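Protein chains: 2
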Amino acid sequence: MTGQRETGQAGRVIFTRGGLPESIHTVHVAVVDGGGQQVASCGDADLVTFPRSSSKPVQALPLALAAPELPGDELAIACASHAGTPEHLAVVARLLARSGSTVADLRCGTHPPFDPAAAADLIRRNEAPTPLHHNCSGKHAGMLLACVLNGWPREGYTEHAHPLQVRIRELHAELGSVTLNHVHAGTDGCSVPAFALPLHGMARIFARLAAPSGPLAPALERVFQAMTAHPFLIAGPGRLDTTLMPLVPGLAAKMGAEAFYGMALRETPHGPLGIAFKVQDGGERARPHIALAVLEALGVPVTEEMRALAPATLHNWAGREVGGVEVEVPLKWA
Amino acid sequence: MTGQRETGQAGRVIFTRGGLPESIHTVHVAVVDGGGQQVASCGDADLVTFPRSSSKPVQALPLALAAPELPGDELAIACASHAGTPEHLAVVARLLARSGSTVADLRCGTHPPFDPAAAADLIRRNEAPTPLHHNCSGKHAGMLLACVLNGWPREGYTEHAHPLQVRIRELHAELGSVTLNHVHAGTDGCSVPAFALPLHGMARIFARLAAPSGPLAPALERVFQAMTAHPFLIAGPGRLDTTLMPLVPGLAAKMGAEAFYGMALRETPHGPLGIAFKVQDGGERARPHIALAVLEALGVPVTEEMRALAPATLHNWAGREVGGVEVEVPLKWA
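For the protein sequence lines, the chains are V and F, in the order given. Position 35 of the first sequence, counted from 1, bears residue number 35 in full-length UniProt numbering, the numbering being contiguous throughout. Position 49 of the second sequence, counted from 1, bears residue number 49 in full-length UniProt numbering, the numbering being contiguous throughout.
If you are wondering where the hints come from, they were derived from the structure by calculation, not from laboratory data. Here the structure is a predicted model, which is why all the values come from computation and not from measurement. Be careful, since some hints might not be right.
Listed next, with one range per pair, are the computed distances between beta-carbon atoms [what the hints assert, rightly or not]: (1) F:R320 x V:E284: 19 to 29 Å; (2) V:H182 x F:L309: 31 to 41 Å; (3) V:H182 x F:G319: 28 to 38 Å; (4) F:G319 x V:E155: 14 to 24 Å; (5) F:L309 x V:A308: 31 to 41 Å; (6) F:P163 x V:A308: 38 to 48 Å; (7) V:A334 x F:P330: 43 to 53 Å; (8) V:E284 x F:G319: 49 to 59 Å; (9) V:E267 x F:A334: 49 to 59 Å; (10) V:P116 x F:A104: 22 to 32 Å; (11) V:A104 x F:H315: 13 to 23 Å; (12) V:D46 x F:P218: 52 to 62 Å.
All residues carry an ideal CB built from backbone N, CA and C; glycine is no exception.
Assemble the whole structure, with the sequences as input and the hints as a guide.
See below:
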């Protein structure tokens, strides 16, 4: 998968203890400009990998195209990996009702809310989680509405051959400027297709969000505006997308499982940029450290409030400092 | 840290999705025989790293030496990273009382029980966790008793300069056959010193547990017997040490944070062996896969019950198969 091609030096996030490296994460980064050109990278920008939930802005495009008047919070929840708080669930329920669907129509499966307080509340009330609590329930509610508005069957909306999923795969290829046979299909944690494509392709998709053009521009703009206007809905309390977006002007950011990250960045010294990165081992804890290092390398001012999202020192359960985090993301400019 | 020296090929655990690699963990392994000779390795057996809680059998030795009549369950809980169930807490409380200590004397800090059912019970009862629930509370209770029996102050028992911690550092060097200046000190999640040493040193320590000899043999034997007689106390419901030990004759196994693993193995075609491995990125999910691959490579029969601990297929929240796990641990024999 890596190390077979000639690539630049990969990035590393090193968790130290007592001054010694304890664990090391390897990272690959691609940066694409508003014109679709790859302008910088670190490690293997050709790495074919799964963006997972970082694909949600693409998966929401058929909805944004079919429902131009949809309230921004409902479009945002369709792009979200939400934390299952009551605020999130209320918006999902509203979007779900819009297509005449119910919880029974959701095919995402069920897991406890990501938000610890929401999960504890369920336990206290002795209630089991429902598919509404699944972090992807907004995406699924949006997919059901996109089906109804396009005249596609709701039945089988998660299947690879369903017209909605076929269209989403095409959109990955079109927006990522990769041929369709370079968009590989797996199945995601919520049972819809998960597409894999080269890292530079996902960076290009986020660059399109940062600098929309062509026939999809209005829908891309609606998705960008919805995400940046509703950072809480995109993730939840204390989670990276939610905390980072309000701190960086013109940033739409979306996490994906297994430590993928996509950022659409409108205001940099290099103009609008799209960024995609993947931690090779899927280690989620490395993500905020890499995000800040990349933003800084791209000339975005990194404030103390932003640094607090990726602390350079580690403390134990007793509050004692036990280690640190060293970040090496040597961006190579094209 | 790695890749600077000439080393054998490292192992890999590859999580796949739709037939493509999604995330990759790198692993280093050392195997030492009953005579203390390194007999096999994979990757960098000289890697200096922190065994974390895999050190607990060593940290329990001063207790095993000072209290030869201590009940096996109490010695086991001193070696444990326990899950905080009522069964675990009862044994910790008994051990703690033996030195006239109370929960207020524990310096481990506080975290919710690892066992989800025990954690949910606390939430339902609206109770906050106490230091007793910390996975290391048994180790700390054992350290307090070792202090009292040795005439050392209980005060400051977690400090690097305390006679107990000085002795534990020396034991790492003696049993690992490394010079004391190759045993580096950091601070652990529970505030006691965490020692780092070459991987082969930790494998040698587990080989001593598998084949005790010399003046420490009786204490090593008591620790081995306590661990293997009480696998539930060592970890907890569904956790690897607890489930694996009863399935492998003559195995004492101990997990450490950041995906370290130590195994003392009495019955193999190569005689008694000690094994230590570290997943470079700290990815805990790779551990059962590597443990089984190493056991198999060493000639230990791997049963279906054992394979169930490291499933080769991955399922999503809706129960659908979405991926798999490929394991490459090319052991190189010395």
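Exercise for the section: Confirm or reject the claim that L309 (chain F) and A308 (chain V) have a C-beta distance inside 31 to 41 Å. Expected result: The hint (31 to 41 Å, Cβ to Cβ) holds, given that L309 (chain F) and A308 (chain V) are roughly 39 Å apart.
Practice task
Evaluate the given range 49 to 59 Å for the C-beta pair formed by E284 (chain V) and G319 (chain F).
Solution key: 24 Å, violated
Practice task
For the range 52 to 62 Å, tell me whether the beta carbons of D46 (chain V) and P218 (chain F) fit it or not.
Solution key: Roughly 59 Å apart at Cβ, these two residues keep to the hinted range, so it holds.
Exercise for the section: State, for the Cβ atoms of H182 (chain V) and L309 (chain F), whether the hinted interval 31 to 41 Å holds or is violated. Expected result: Cβ of H182 (chain V) to Cβ of L309 (chain F): about 37 Å, so the range 31 to 41 Å holds.
Exercise for the section: Given the range 38 to 48 Å, decide if the beta-carbon distance of P163 (chain F) to A308 (chain V) lies inside it. Expected result: At roughly 40 Å between Cβ atoms, A308 (chain V) and P163 (chain F) fall inside 38 to 48 Å, so the hint holds.
Problem - Outcome of range test on Cβ distance (E267 (chain V), A334 (chain F); 49 to 59 Å) - result: 58 Å, holds
Handout entry: Assessment of proposed distance window 22 to 32 Å (beta carbons of P116 (chain V), A104 (chain F))
Key = With Cβ atoms ~27 Å apart, the hint holds.
Exercise for the section: Just tell me: holds or violated, for the beta carbon distance of A334 (chain V) and P330 (chain F) against 43 to 53 Å? Expected result: Since the Cβ atoms of A334 (chain V) and P330 (chain F) sit about 37 Å apart, the hinted range of 43 to 53 Å is violated.
Handout entry: C-beta pair G319 (chain F), E155 (chain V): status relative to the range 14 to 24 Å that was hinted
Key = Holds, since G319 (chain F) and E155 (chain V) (Cβ atoms, about 19 Å apart) stay within the stated range.
Exercise for the section: State, for the Cβ atoms of H182 (chain V) and G319 (chain F), whether the hinted interval 28 to 38 Å holds or is violated. Expected result: 30 Å, holds
Problem - Cβ distance range 13 to 23 Å for A104 (chain V) and H315 (chain F), holds or violated - result: 22 Å, holds
Practice task
Could you see if the CB distance from R320 (chain F) to E284 (chain V) stays within 19 to 29 Å?
Solution key: 22 Å, holds
Checked against the numbered hints above, the structure breaks hints 7, 8 and satisfies the rest.
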